[in-house]
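J.: Got chain A sorted already, so can you dock chains B, C and D onto it with the hints?
There are 4 protein chains.
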Amino acid sequence: MSDHDVAAIEAAVADLRKQVSDLHAQLPDNGLVMWTGGNVSGRVPGHDLFVIKPSGVMYPDLAPENMIVCDLDGNAIPGTLGSDRSPSSDTAAHAYVYRTMPHVGGVVHTHSPYATAWAARNEEIPCVITGMADEFGGPIPVGPFAIIGDDSIGRGIVATLDGHRSRAVLMANHGVFTIGKDAKDAVKAAVMCEDVARTVHIAKQGGELVPIPQDKIDALFNRYQNVYGQKPQGGMA
Amino acid sequence: MSDHDVAAIEAAVADLRKQVSDLHAQLPDNGLVMWTGGNVSGRVPGHDLFVIKPSGVMYPDLAPENMIVCDLDGNAIPGTLGSDRSPSSDTAAHAYVYRTMPHVGGVVHTHSPYATAWAARNEEIPCVITGMADEFGGPIPVGPFAIIGDDSIGRGIVATLDGHRSRAVLMANHGVFTIGKDAKDAVKAAVMCEDVARTVHIAKQGGELVPIPQDKIDALFNRYQNVYGQKPQGGMA
Amino acid sequence: MSDHDVAAIEAAVADLRKQVSDLHAQLPDNGLVMWTGGNVSGRVPGHDLFVIKPSGVMYPDLAPENMIVCDLDGNAIPGTLGSDRSPSSDTAAHAYVYRTMPHVGGVVHTHSPYATAWAARNEEIPCVITGMADEFGGPIPVGPFAIIGDDSIGRGIVATLDGHRSRAVLMANHGVFTIGKDAKDAVKAAVMCEDVARTVHIAKQGGELVPIPQDKIDALFNRYQNVYGQKPQGGMA
Amino acid sequence: MSDHDVAAIEAAVADLRKQVSDLHAQLPDNGLVMWTGGNVSGRVPGHDLFVIKPSGVMYPDLAPENMIVCDLDGNAIPGTLGSDRSPSSDTAAHAYVYRTMPHVGGVVHTHSPYATAWAARNEEIPCVITGMADEFGGPIPVGPFAIIGDDSIGRGIVATLDGHRSRAVLMANHGVFTIGKDAKDAVKAAVMCEDVARTVHIAKQGGELVPIPQDKIDALFNRYQNVYGQKPQGGMA
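One line per chain: the protein sequences are A, B, C and D, in this order.
Quick note on numbering: UniProt numbering labels position 171 of the first sequence as 171, and the sequence is numbered without any gaps.
Quick note on numbering: UniProt numbering labels position 112 of the second sequence as 112, and the sequence is numbered without any gaps.
Quick note on numbering: UniProt numbering labels position 70 of the third sequence as 70, and the sequence is numbered without any gaps.
Quick note on numbering: UniProt numbering labels position 57 of the fourth sequence as 57, and the sequence is numbered without any gaps.
Think of the hints as simulated: they come from the structure by calculation, not from any bench.
All values derive from a computational prediction rather than experimental measurement.
Treat the hints with caution; some may be incorrect.
[Stated by the list, open to error] On the chain C side, residues computed to face chain B include the following (Cβ under 7 Å):
#1 M34
#2 W35
#3 P113
#4 R121
#5 N122
#6 N173
A virtual CB, placed ideally from N, CA and C, is assigned to each residue, including glycine.
Next comes chain A alone, as it looks inside the complex (with noise of 0.2 Å):
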């Protein structure tokens, strides 16, 4: 690739630097990830390429620097900055998401604790609280139990969310992938999954859990996508 081709991917990419870079600060803060697991990326817009984070990198080292700008097969782009790096382990599920649904803008990944609980047991999360039905539109739902090294959990991950109100998935044994029309809504969607997974794992284990009417989840649901907040946000649906 030519020095020109690099800078102008550079010019393009530099707020997302920044933002995916920042973003990952959520993940320790919101008690999503331990160590270095987890990983943010955000679509660069008008591009066919992502901003992911460097692999095995602790979090108080990330920067807009070491972000690594990938193409939608998942490779790093030579000679952009921190192509000298891995990305994330993780990267090939995103490209497949980014590949398949032009829709998305943001994945996240982590393990955390309370929503890989549920899936170790491959049970979703019944959607028995308001908040939830405002943000996921019903249950959390659990993908296939699949491996990394191919594009099965990239599979796992669209299968299962296309079509689907909730922007989270729990893949199977492994733990949250969640999609948003940008970085940002991604991760708000991975702090409220961990959030509606304990506070339902907590619910249920005090007793029994009692439904809200599916036409109360569909109103919240609707209004909350149209309404809330500054001007019209949220899911994609």
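T.: Here is chains B, C and D on its own, set in the frame of chain A:
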């Protein structure tokens, strides 16, 4: 509204803007909220107004000048600072409480995890620890299932708390609302509600709870409302 | 009291004011207290006095000069710094312990969540981990149900801990009191009490606990009281 | 020992003193220890020496110059910095590991709450999440009950971990020991051990765990030991 009227309101709310903004920090610091969830409001002494958090703003971005001044129907006062934003999506519930409970000076709403877990089972928190008798005078009650969009949440809060010793209500499948003589007192109630929700949950997981005799609960509550702290404070009873 | 006497007392308590004030930070830092709950006191060496936290003051506002100097009946010494405020509402219990247990140099009270959960079931914490044998020499016992207002809490603490290896007692349906050779030692006992209350609770939730043979508990306790740390320290046994 | 020898040792351990001291901060930061509990050590490359924490010192007071240099019998080297203090009371166990496992470069000991809860039931942690297969290659095993005072803890650690994929052992009714190629690797194992102990505990509380097929565990472990991170790292297999 004239510039003169706006200036008079801003003069009346200046201290309260800072109090309410600062008190919001207690919510994440005490583990009561995630992301932009939760809200605190305070009544403006001597005016039919209250100050509340804007909708969908991250906690570190809250500041006195973006708190929103509302009338008792929950409408932002045109021309006041922050009135270009939407107030919290829970503003209607806060407004209903201020309209119908004139002794209430502060309202807080959270989805704090342990309290919301009890709410997901529509189960009141039994009063089995003396600190809970001090603070709440008995069990923390469950309010009706109600969804956002009209006065039904506000009506449920008032119907449950009016005449009740508790300053906290677990709204079914939703979360916690607390009231207080001022915003700080309502925040204290929200913090203590989560504390007892957690302790009693843990206790119940381990076996049989030992009840406290009603006359002891009464004695503890009456003492705490009258003699604790540097001067009389506590609930509004 | 003469200005001269007050000055002599202030000279005697200057270091202790700072120690007791600083030690209070350990309570929120270790998750033992919420809001203004919890209190630490320390005996003034060579005087029938102790220093304790004021009532109802937020943790960040505690400082050496607002700690309160009390006699062994729990009365603030007129003219000393901070004596315009009320001492902690638990002062009578601290005073009773200092009056009747001359070897005690520090007392701590908290409603730390896991320990208070055991207290809500009036259930002692069994000694199933070696760190608990080291620190407490066996189970952490339950004291009687007693409410604030007279000496009954203090009597219950002393009746339970006098001659017991444990420096911590779970007061029934209330919370934890710990004693120590000085204020720091009592704070350590409060921190370790919550730690073992949590670990043993989690262990018990998962299945059958494996007991430690009594002779091993004895050996661990005896060794720890004599050889751990840079010089002999630990409990008062 | 001559001043010359001491100077040579100090030159050899200078970097390691800082590494081991700094790594201790990971223990409280990750919720693995309370008060003065827990310890990290690292082998001095090319010498029959290791560096370890002093006994009974608070975490904020740890510094490179108070770390203690010991020979492989666990005796502090006279004349070296910090040798006027006692090394960690767990030094004998660390020394035994270094003597008998020459490929081990770091050892960590904690009483982290979830892992110690499994230890209190003498129950291994089953491998039901892929991140655990990556890091530990299967279940985290239980070692024998052994108490401090001779080599029995060290012998139990080595007997359990020698030839095992796991770098962590749950010593019965006691806590966790981890080993690594260096001190940082052992700290990582301690952090991840607590993480999986917590997640699997929570999962088990909620119902039936779904096992991962053995061939998938094998594939995950082999890949992670060889390709994760910026260069080959991970366990010592």
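J.: Hint by hint, note whether the structure agrees.
T.: Cross-check of the supplied hints:
1. M34: Holds. Min distance 5 Å.
2. W35: Since chain B brings a Cβ to about 5 Å from C/W35, closer than 7 Å, the hint holds.
3. P113: holds, 5 Å
4. R121: holds, 5 Å
5. N122: Where the cut-off is 7 Å and the nearest Cβ of chain B is about 5 Å from C/N122, the hint holds.
6. N173: Result: holds, 5 Å to nearest chain B Cβ.
The structure is consistent with each of the numbered hints, conforming to all of them.
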